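So the protein sequences, as listed, match chains A, B and C.
Residues in the first sequence are numbered from 1 upward in steps of one, following full-length UniProt numbering.
Residues in the second sequence are numbered from 1 upward in steps of one, following full-length UniProt numbering.
Residues in the third sequence are numbered from 1 upward in steps of one, following full-length UniProt numbering.
It should be emphasised that the hints constitute simulated quantities derived from the structure, not laboratory data.
Among these hints, one or two may not hold up.
If you want the footprint, here are the derived chain A segments under chain C, 3+ residues with CB under 8 angstroms [unchecked claim]:
#1 27-41
#2 47-54
#3 267-281
Going by beta-carbon spacing under 10 angstroms, a handful of chain B positions derived as facing chain A [unchecked claim]:
#4 V19
#5 M22
#6 A23
#7 C34
#8 L36
#9 T39
#10 L68
#11 T118
#12 Y125
#13 A129
#14 V206
#15 L240
#16 L257
#17 I261
Everything numeric in this text was worked out from a predicted model, so none of it was measured.
A virtual CB, placed ideally from N, CA and C, is assigned to each residue, including glycine.
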Amino acid sequence: MSAGGSRGGFLLDRLVTATALLLGVTLISFTLTVHFGPDPTWEQLGRNPTPEQIEQVRQALGQDRGFLPRYADFLLRLARLDLGHALASGEPVVDLLARAIPVSLLLLAPGFLIGIVLALALAMVAAWRPRGFVDRLCTIVSATGMSLSLVIIVIALQAVFAVWLDWFPARGWRVHDLASYLRHVTVPSLGLIVAGLGYNLRFFRSVFRNVLHDPPVRTARAYGFGDGRIAIRYVLRAAAPPILTRILVAVPLIVISGSLIIEKHFGIPGIGMVTWNAMMSGDQPVMMAVVSLSSVLFVLALSVTDLLTGLLDPKVRGA
Amino acid sequence: MTAPVTLRRRLAGLDRLPVALMAVFLAAAAGVWCGLWGTDWSTISGTLREPPSPEHWLGTNRLGQDILERLLAGTATAFEVGLLVAVASVALGAALGGLAGFHAGRRIDTLLTWVIGTIDAIPFYLFVAAIAFAMRGWPGAMQLAMILSFWTLTARLVRTESMRLREREFIAAARASGSTNRRILLRHILPNLAPLLLVQASLAFVAAVKAEVVLSFLGIGLQDSISWGIMIAEASQEILAGHFTNFIAASLALFVLVLSINSLSDGLQERLDPRVRRTPTERLA
Amino acid sequence: MFFKGLWIPIARPAVLALVSIAVIGCGRGETDAETAQKVYRHAIDGAPASLDPAHADNVYAATLVKNLFDTLYRYKYLSRPYELVPNLAEDFPEVSEDGRVYRIRLREGARFADDPAFPGGLGRAVTAADVVYSLKRHFMSETRSRGGWLWRDRIVGLESDATIRSADQSVAGLAAIDERTVRIELTEPYPQFTHTLAMALSAVVPREAVEYYGREFGVHPVGSGPFVLNRFDEAMAVLEANPGFDRGPVDLAAEGFDPQRHAGYDLEPIDGKPYPLVDRIEVHFISEPSARWTSFASDGGVDVVMVPPELAERVLESRSPLRFKPAIRERYRTLHGLEAGFVYHGFNMANPEIGHSADPVRDRKNRALRCAMRDAFDWSARNEAFYHGLGRVFPGAIPPVLAAYDPPFDDDSVTHRPRQARQRLQSAGWTADTLPPMIYGLEASIQQRQMFEQFRAWMQEAGFPPGHFQPRSFAGFGEYSRAIGQRELDFFLLGWTLSYPDAQYSLQLFYGPNAAPGANSVNYDNPEFDRLFERASTLPAGPERTALYRRLNRMIIEDCVIIGSLSRTRLYLWRPDVRMFPDREMVGGYFLRFVDVVEDRP
């Protein structure tokens, strides 16, 4: 099979999977949020509504229409990338996402990246010398980290760093330059690092351990190549596919829901907070946009993972 | 067919400390189930915010309820939620994963793979909140949501595993000797999967207990009940005023329980297959 | 080797993306605004969804709407009890002899802020036609008005089934006589009408902007108020002084300044200065009480805090009389006062098992049940646990903040009497087996869950079997109101905030025709009450009306329709370099235009 053919086949295959996935996600979410979900009508009413007004609002929101026409309508709009308007404010959902997503990315990127790099470095050292000091430390850190709930971490960090020590703002997001950004992002990032470190450390260490058992690495170590060279040239490369998969698949979850608790607790207007408010008030256009977006991201992440795995693994490459 | 025996032998050598801790937690929960303690978690038995005393070992909360009673009752809740979600999600995952793996490449496999992918692509909180809404005040809404969301992880593993087993000789032999599919599944495949399922169940247990805390914190947790998550959520409003007992009691209990189960499950995995270690599900870290 | 080839293609776009995100995220038009001299950081306990005046029926939206838009009337900054004063109107309305025809003249020089919605982007003068349009649009279905009920059936041409299809459709009772005069004809006297013209719902909007922005008007407000909107999201709104706003200087004496009552607030320096006095106001939306405190207590946080009851202990020296600690008084300025509203528990009177029954025997029996629950309810414990004992418990639905408040004629209805509760149940023939089970509705918050546990404990003490009250929690207020509106709940907790200082506004909660889904959530149906309420509604203020109001209040107490009520005490602290009197009750956010900060503030 020629390289071009296989690539085309891969893309087509991906496209079919992606479409099927998107349909599945929207169907389930639409059924749950729109069909069984909270009736947004009552959120839109004044303090003394009459039955006629309620009927009017229901009609305006399309609540009186059947499931299928509404779902079809939603799909058609989605295909045209028309996400509609938020029910409560009337703001176009696209604008809403465009202002909320950058906030979430800015908020989460440092904690996510530092957490990964820190875990990679520690895991490498730990795997390099099993039962050494760092390895033991990692065991304790990962066991502790995995047993802590993000909720507890966030409450405790805020109390310590923002209230008692008063080093950082306790909440909010008034970011206008680098200094203010760093002030606001530090405590949430710490929370993310602490919450994720345990899981990452453990995963990376076991991946590295497996790789270090591989014959080429053993040979290289036996030949006395420099540690740094082996670590970077062989181990990191050989371990790249599972690590990249893990990171990439985590991205959509982080972007959409990982930030919910942090944003809610620290009062940061990112996508997590937007989603949460929409959920509580039954703002269907916003919810459906978030769900659709996250499934698209998810599919993208999986596809990129496949591509990278293909690029990295000579066996898959040659095939 | 030797799996159960091996499993028993493998379980025998687990670490003492986590086992002991688990026993303490289980005893606490059992006491609640037998009505020995923890039944008065809702009763207002003292005045507001009493410090620890012989009557109230951990003091009372803002209503005058005994914090220890609530902690104990919360332990029982943690086990109820954890066990139910673990058993149900693993059973569901095993059944559907096994079905898919056994019929790999056929239409039912495609369908199930699609369902699994779909559920994994929906943001967890959105999914749970949506189910909670759809179930409108039904007391089991939260557990159902967790089960419907957690089973996919087990299903993926079981699917892969049973695809591998399907090709092994003893299955072929069984098939040659005229066993039905159902018989093969029950007598040959399932026992071989038991260790994997046990590990998955322990991970699901931990995930459920931790998820309960998050969901209660968000206000979409259990309905009319007491749990550690509810205690932590209550505490989050009073920490600044200098009332820590609720927070420390519940977080510590949660921490120790999760730590014990994690280390038990680690020990288990090491004995099962030292090379393959699974990382606990962290969708809810 | 391979390694280089692998990482560069991944790393470069990733770095680029991060940098570009950082640039976009950081350059959000705030840098220039930050150089503004006078910034005041306000905090409110919830976020508004829409800033369209037609949706502003809650205090959060009203706080912003009253500053971005203008209403015909407003309340004086400092006078208590509340006093109306012309705002966008030039003077008080001329009312005809029979109280049905209002003529209102607009002030000269009021202009809408510049906005792309206007030709050339330049704002224009506010005219009488704008006032007419702003009221009329409440009756157009695309507005999805939350305030139409205030004027429906009240203004001629807006009778119950009337809808307005186009903004050009004329309404008999609403007319712009000339550029600056509005004539409004009412179906019957409505003494509270002028008050409704001070509510955020009645704020004046330009038709061009409403049509230009369509559904997005709620996030692109264009008005003639003292401020314009700079930023608005889930966490905060940023308002900037509207350069085109000119109402002349502040006249402190006319606003009700009393050197004694307002001593120590350092308000004198604002007298004679044009307002608004600050360049920029940040309104932070912080719903968690402890987070509000945290932000206030940390450097660079908000300038004002409504102290959560959990933390009252930290700031108060004594509760009665209420006095702040000396250390707090040294560091901050302080204010305390009762809210213009109340919380209460209501029964669903439409449920024949517990409420009105056609069978007079059962009706009496049900009343005994409700009254027994009321006896078993311990308001002082509720007050102690959730309001730090600072709430004011009062019988019925006329809160102490109103002139018609009945000084405790009889505290019986808010006194904890578990023994009397048992006796009542017994003598009415209720036993554990016959007591009808009830669905207790609550919003899924920690506090409401705790309130339920407290309530259940009291009821068990009075003899209700455990499990008798089935809690049903709702994740959002919309769902909760739906359940109440559709009469699914038997017993529920509600709050009611007054929009104008008149008992009519709280007694309408029991008026038969307002039954659910309307404001009469308890579905009280008493023809005698309705008749007297209708009579009181057209009466001008005076002893006759007050007597009627009190009689109505006693009727709902007599019938055990609600368990209540309690008005919360608000405790405010703010930084001493802010000059203000941040009372948001009734006045909503009107005080923001009079807020000043000292010049050399860090």
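Hints, one by one, checked against the model:
1. 27-41: holds (count 4)
2. 47-54: Coverage by chain C holds here, the residue count being 8 at a Cβ distance below 8 angstroms.
3. 267-281: This one holds; 9 residues, not fewer than the three required, reach chain C with a Cβ under 8 angstroms.
4. V19: violated, 16 angstroms
5. M22: violated, 13 angstroms
6. A23: violated, 18 angstroms
7. C34: Where the cut-off is 10 angstroms and the nearest Cβ of chain A is about 28 angstroms from C34(B), the hint is violated.
8. L36: violated, 28 angstroms
9. T39: Nearest chain A Cβ about 26 angstroms off; hint violated.
10. L68: Violated, about 20 angstroms.
11. T118: holds, 3 angstroms
12. Y125: Since the shortest Cβ distance to chain A is 5 angstroms, the answer is holds.
13. A129: It holds, given that the least Cβ distance between A129(B) and chain A is near 5 angstroms, below 10 angstroms.
14. V206: holds, 8 angstroms
15. L240: holds, 7 angstroms
16. L257: holds, 8 angstroms
17. I261: holds, 9 angstroms
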